[in-house]
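Take a look at the letters that make up each chain.
2 protein chains.
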Amino acid sequence: MSEEKTVRAALIIIGNEILSGRTQDANLQHLAKELNSVGVRLSEARVIADDEAMIIGTVNEMRAAYDYVFTTGGIGPTHDDITAECVAKAFGLPLIRNAEAVALMKAHYERTGRELNEARLRMANTPEGAALVKNPISTAPGFRVENVYVLAGVPMVMQAMLENLKPELIGGKTMLSRAVASYIGEGNMAAGLSALQDKYGALDIGSYPFYKAGNRFGTTIVLRHTDADLLESALQEVAALMTSLGGEPEFQDMSDG
Amino acid sequence: MSEEKTVRAALIIIGNEILSGRTQDANLQHLAKELNSVGVRLSEARVIADDEAMIIGTVNEMRAAYDYVFTTGGIGPTHDDITAECVAKAFGLPLIRNAEAVALMKAHYERTGRELNEARLRMANTPEGAALVKNPISTAPGFRVENVYVLAGVPMVMQAMLENLKPELIGGKTMLSRAVASYIGEGNMAAGLSALQDKYGALDIGSYPFYKAGNRFGTTIVLRHTDADLLESALQEVAALMTSLGGEPEFQDMSDG
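Chains as they are written, first to last, in my numbering: chain A, 1 to 257; chain B, 1 to 257.
Check the hints yourself; a few may be wrong.
A pair counts as met if it fits within one copy or between any two copies, since identical chains are not told apart.
No more than 30 Å apart at the CA atoms, straight line, and that leaves these computed lysine-lysine pairs for BS3-like [unchecked claim]:
no., residue 1, residue 2
1, K212, K33
2, K134, K106
3, K134, K212
4, K199, K89
In short, the hints are calculated from the structure, not lab data.
Looking at chain A on its own, in the form it has when it is part of the complex (with noise of 0.2 Å):
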């Protein structure tokens, strides 16, 4: 893979329980970091209800756009869960019952001496050529069709397909972060930080303000780049305007991009 290349995610979270609030995600964050671990970026996510139009609409555009696209949810026995029949539709795929994952989910049933009815069968079922993602937790497997990876919702499911599907990923070059920080206003650092951003082009500087107990406040800067020798030498010039202003530049530890 060129090094100039940028490798771009996009995430589509299915659930109603998501979008009324009922359940907090957890699964955008962990898939950045491990995305960026190797290499891809997450560009985009979406949170969607469990409605067919949209799903396939959001699937179709998706993975036009973007080099990954990952769903999370809608993927288990119930009615609700329409995840990999939308899936089939958006490529235009039938929905087969998947040999393979029939043969996991009856040896896994029958070591937990649990039935596996109909409604559970339900989870074997993936568009036709689908690749298996292999789930250690609870077996009912994720699938992948060109482009899509299909997950779990459930955070510790999801985590464990990605683990497994991880190896398959081709990336770019990681993104590097670093970042410091120091009690001094965004406002006082805009103009020295815009000139940094001239300077440094692509370079990705963030701004993120806080506030702590007593009134004091602060900024953290966050750099991004490929290139770490060019995020060093930003760094320090972020922490010099910092002690110009007054600052007492604190550097913090980032490793997860």
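Starting from the known structure of chain A, arrange chain B on it as the hints suggest.
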């Protein structure tokens, strides 16, 4: 407002720091619950980067598709805060220095003895004709243009802005919800739930598995509808289904939609 009309809203979360995994979004869940309390349904959310073309395109797509659009993030004083100018471009309006916002900020900075410099004055820029959304926390206001509300990303500030604008929102009927749980697996509930879904049509029946220590697994069923009587009747049928499968239904208190 007619009883039949569903008032739908979308949220646009603007910020590289969410997509990189550095920051966990805390605004979606709060917004969802608050909107529901006034009869507005959060129907989609998108997380996008601090990127002009992406912000403009997303704002224009969503303001045409939903009754209300809320954005969070990107309204601070630094170079990476580009939401206000992008929303102005999305509407084809000039970005102006809003005199009312300037007056509010002047009073605030005089009171606190801090410098109201050019960078901070950028936070008084709005599209021409925008209505301000007051910010009792840090003064720099949000604003509204037509059906698009532009809010801060910092949760404490966003929440205060939302509290101020809530009386303006015209909602439909409030979505009510009830939930019941038992230690019956989703796969055992599925057939019965599917029959209930067929019977109750427009009722939203969500099924959510849970795991507890000691290998105990079960399912929470969440029912949503605007009609409290219909909801109660369906809830009793779900509880009866759980009992018939050997479960002991526990009703959960859910007041938040």
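Hint numbers not upheld by this structure, sorted from lowest to highest = none
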